[in-house]
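S.K.: Here is what each chain is made of, one letter per residue.
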Amino acid sequence: MTNPDAIVIGSGPAGLAAAISLRQGGASSVLILDRDDSAGGLPRFCAHPGFGWEYTRRLEGGPRFVARLLAQLETDAVRIATSTTAIAVHPGPEVEIVGPRFGHTRIAAPVVVLATGARERPRSARLVPGRRPEFGVLNTGQLQQMVARRIPTGVKRAVVVGSEHVAFSVLATARKAGISIAAILEDGARIRSYPPAEWLARLLGTRILLKTRIEEILGRERVEGVVVRCPTGALTVPCEMVVFTGEFVPDSVLARDSGLMIDPATAGPIVDQYGRTSVPGVFAAGNLLRAIESSGWSAIEGARIGLAAARHLRSAGRWRPSGATLTNGRGVSYVVPQIWADDEIGSFLPISLRASLDHNRAQIRIVRNDEVEWRGRMQSMRIGRRLPISSDTIDALARRGGEIRIDIA
Amino acid sequence: MNSGQYDFAVIGAGVVGCAIARELSRYDCQTILIESRSDLGDGASKGNSAVLSTGADTPFGSLECRLVARGHARYFAEAPSLGLPILAIGSLTVAWNSDQLAMLTSMHADAVAAGFGDGEIVGPDFIYAKTPRLARGAVAAIWDPHEAIVDPFSTPLAYALDAVENDVEFRHSSPVTGAFRNSGIWHLETPAGNIRTGTVINCGGLWADKVDSLGGFSDFSSRPRRGQFIVYDKSARSLLDVVIKPVPTPSYRGVLVTPTVFGNVLVGPTAEDIDDPDDWRTTHEGLAALREAALRILPELGAHEVTATYCGVRPGTDRAEYRIIPRPDASWVSVAGIRSTGLSGALGIAEHVVALASGFGSHLARKSREPRPIRVPSLCSLDPRPWERTATPARADLEIVCHCEGTTLGQIESAFASPIPPRSLKALKRRTRATFGRCQGFYCGARVRMLLDEALAGRTA
Numbered sequence: 014m015t016n017p018d019a020i021v022i023g024s025g026p027a028g029l030a031a032a033i034s035l036r037q038g039g040a041s042s043v044l045i046l047d048r049d050d051s052a053g054g055l056p057r058f059c060a061h062p063g064f065g066w067e068y069t070r071r072l073e074g075g076p077r078f079v080a081r082l083l084a085q086l087e088t089d090a091v092r093i094a095t096s097t098t099a100i101a102v103h104p105g106p107e108v109e110i111v112g113p114r115f116g117h118t119r120i121a122a123p124v125v126v127l128a129t130g131a132r133e134r135p136r137s138a139r140l141v142p143g144r145r146p147e148f149g150v151l152n153t154g155q156l157q158q159m160v161a162r163r164i165p166t167g168v169k170r171a172v173v174v175g176s177e178h179v180a181f182s183v184l185a186t187a188r189k190a191g192i193s194i195a196a197i198l199e200d201g202a203r204i205r206s207y208p209p210a211e212w213l214a215r216l217l218g219t220r221i222l223l224k225t226r227i228e229e230i231l232g233r234e235r236v237e238g239v240v241v242r243c244p245t246g247a248l249t250v251p252c253e254m255v256v257f258t259g260e261f262v263p264d265s266v267l268a269r270d271s272g273l274m275i276d277p278a279t280a281g282p283i284v285d286q287y288g289r290t291s292v293p294g295v296f297a298a299g300n301l302l303r304a305i306e307s308s309g310w311s312a313i314e315g316a317r318i319g320l321a322a323a324r325h326l327r328s329a330g331r332w333r334p335s336g337a338t339l340t341n342g343r344g345v346s347y348v349v350p351q352i353w354a355d356d357e358i359g360s361f362l363p364i365s366l367r368a369s370l371d372h373n374r375a376q377i378r379i380v381r382n383d384e385v386e387w388r389g390r391m392q393s394m395r396i397g398r399r400l401p402i403s404s405d406t407i408d409a410l411a412r413r414g415g416e417i418r419i420d421i422a
Numbered sequence: 419m420n421s422g423q424y425d426f427a428v429i430g431a432g433v434v435g436c437a438i439a440r441e442l443s444r445y446d447c448q449t450i451l452i453e454s455r456s457d458l459g460d461g462a463s464k465g466n467s468a469v470l471s472t473g474a475d476t477p478f479g480s481l482e483c484r485l486v487a488r489g490h491a492r493y494f495a496e497a498p499s500l501g502l503p504i505l506a507i508g509s510l511t512v513a514w515n516s517d518q519l520a521m522l523t524s525m526h527a528d529a530v531a532a533g534f535g536d537g538e539i540v541g542p543d544f545i546y547a548k549t550p551r552l553a554r555g556a557v558a559a560i561w562d563p564h565e566a567i568v569d570p571f572s573t574p575l576a577y578a579l580d581a582v583e584n585d586v587e588f589r590h591s592s593p594v595t596g597a598f599r600n601s602g603i604w605h606l607e608t609p610a611g612n613i614r615t616g617t618v619i620n621c622g623g624l625w626a627d628k629v630d631s632l633g634g635f636s637d638f639s640s641r642p643r644r645g646q647f648i649v650y651d652k653s654a655r656s657l658l659d660v661v662i663k664p665v666p667t668p669s670y671r672g673v674l675v676t677p678t679v680f681g682n683v684l685v686g687p688t689a690e691d692i693d694d695p696d697d698w699r700t701t702h703e704g705l706a707a708l709r710e711a712a713l714r715i716l717p718e719l720g721a722h723e724v725t726a727t728y729c730g731v732r733p734g735t736d737r738a739e740y741r742i743i744p745r746p747d748a749s750w751v752s753v754a755g756i757r758s759t760g761l762s763g764a765l766g767i768a769e770h771v772v773a774l775a776s777g778f779g780s781h782l783a784r785k786s787r788e789p790r791p792i793r794v795p796s797l798c799s800l801d802p803r804p805w806e807r808t809a810t811p812a813r814a815d816l817e818i819v820c821h822c823e824g825t826t827l828g829q830i831e832s833a834f835a836s837p838i839p840p841r842s843l844k845a846l847k848r849r850t851r852a853t854f855g856r857c858q859g860f861y862c863g864a865r866v867r868m869l870l871d872e873a874l875a876g877r878t879a
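Those protein sequences? They're chains A and B, same order as listed.
Sequential numbering of the first sequence, starting at 14, is according to our numbering.
Sequential numbering of the second sequence, starting at 419, is according to our numbering.
One or more hints might be untrue.
Claimed, not checked - Computed beta-carbon distance windows for the label pairs:
| # | chain 1 | residue 1 | chain 2 | residue 2 | range |
| --- | --- | --- | --- | --- | --- |
| 1 | B | HIS702 | A | ALA422 | 33 to 39 Å |
| 2 | B | GLY596 | A | PRO76 | 55 to 61 Å |
| 3 | A | PRO62 | B | GLY876 | 37 to 43 Å |
| 4 | A | ALA101 | B | GLU723 | 19 to 25 Å |
| 5 | A | ARG162 | B | PHE598 | 48 to 54 Å |
| 6 | B | ARG784 | A | GLU107 | 53 to 59 Å |
| 7 | A | ARG220 | B | PRO802 | 49 to 55 Å |
Hints are computed from structural coordinates only; laboratory data are not their basis.
Built from N, CA and C at the ideal position, the CB exists for glycine as well.
Excised from the complex, chain A in its bound form:
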């Protein structure tokens, strides 16, 4: 195989959009790798609408959205290798792969884009006690795959843990699989998703138990129920399945194993405003950067990083010159990008940052070298919500270098 101009690792929205704009930016050949048996990433298992909005301005189901992206890649200049796992990105960069199609080998390319996405934290990482039945304890990702691949679950009732958007995605999946949702459990006083999600759940007759946490899983071979603790006491909810939703984490093993610098706040690679990582030639995009933004947002990141990567291909310029650092202060979970370089190679990543606390009448501040440089007011800010700061605002400040901190006062 001749070496391509660019290798994109991961064929979800970010990876596919990156490949599209790499081509648009002039890359003559792109190789897309995906370890799964077909391209499209997680959205292809989510048939309900809501995918791609920021990128396409359409509200489509996941499979349609990724099919739309894939349709733009139907050219001989783009190859998609599925069932192909990238084991490591070596200096060069050079990607070490394993798969039935290419065997165990290394492929070099001037540009590598990591877009390996995110996954939900499993029951074990949440330290949920109880028994460990062989059947019926899983994440949304697995349930959606089982339903999409028509693997029978043999389950009538499920309990959903968590109330982020994805929890309500389970309602659609479960309906399709003939599973009724006995309850949605949420630790906090209100759901994490938006109010319409709650109305939808009520319409479907699903109970949402707030201020309720899962105490114990029951059942030896199969799940028989869960014990939950709610404000009125402990309660046993019979069910045959427990779906742990949300609490996404970047799938950054490849990035770590390849020696990329990792941000402890995001658990993803540190990037600048063009998606450049700490390793020359290696870009990163999408929910690998932090978990999680929507599929449309990830696609926009992919698109911008693809253009920057194409520019890098043409210029073969220096790699990520020094610049300002961006960090999260009080009330902010993380900031992506973490570095604002002082060169000009394309349009910026949208700033991705989230509140880590609930605030009423919040004031967002941008602090540079300990001086408050910018203030923004908001009525209220809920935990997990995105903070509205534009890339241009950051750019104006960050071009002067220094240490920039974003916090909520």
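Given the structure of chain A, go ahead and fit chain B onto it with the hints provided.
M.R.: Below, chain B without anything else, positioned relative to chain A:
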């Protein structure tokens, strides 16, 4: 061939039962290994710390101490030829204050007196050179270079495969529900019919008291002890390359922090006396205590994700010692009270039990030919992956199914093709590690389920 009657029936395919069956396969006799569950190693053997003890942490002068020391030596001699990995990383039993230092010193003196002279007392310089990320404040430690970490799941499997390869019959899903003796022959009742045998070796583990009672014996009662564990992500493996043990108290050996051969970091166990040997539950309190201990001993663990939590139940009895009881008149050996040292002691126990049973009457002669060898595939994270083992790997060895653990389709297919194939997801996990990793099946759970369902359907069809 077998006339429907065996010389030995080993009840219980835990690590001890499997080792005894393997030991018996070296002799001219007919042996059957009977397991109530669908897979071997599915009781006490599946939930331990996977540290191979030298015996230096068992009561000196006890049968347990002697057999664990012997088991450790035999494991080092025999496990490699079975394909089982041994990482001899050594252990540090760490004292954090002057009281513990005094105990450590007397432990060491006792160990030397008992013939365990290889452990040495080391100071902070040695400790922190060996394990720089350990929490500050260690005063001294006993460094035991011979303690090792091993694969607790492949070990009983290798013993059983070896036994089966050497003419032992293995019968799974066969709970023994009754036993009577007629004209010197034991009749063991199982759902698929009676099994006739000259001698019974009860390796019932957590249920050894129940099996004994079927034979009419009641010398001990079970006192199961539950131990919970937390497994940290492989990203934590670089924090530690030695087993860290606390100074034990008389009743509790304490929480250890250790790498695993699979490339994780393991913390545990707790010690909780429970009434029901089937009470395999983790608890808030248990997991919280382990997390607290983990961060106290290796603070940087806090930055790493938890991959799994599990518990094991240790087969204790009303006395803190092995209860290996030969009953020559009844041709019955009870092998009970193996506590927490079954994995380490199994090969020593096997030798001891077969020697006891061979004294029951008819002479037990060693087979004249060499045993046929078997090998299990290594699941050790440091060993070459399937696609690295040859220059031209087969297609199935290039197709990774479980990405967290790097399990290939080839590994899964060869597990199903084994003489003792997996019949459940947990059995498949133990043989291949598929879905055992950090995502716990988020990506491959559906596909692995499909592969399992297909294999099971194919087997019954």
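S.K.: Hint by hint, which ones does this structure get wrong, listed from lowest number up?
M.R.: none
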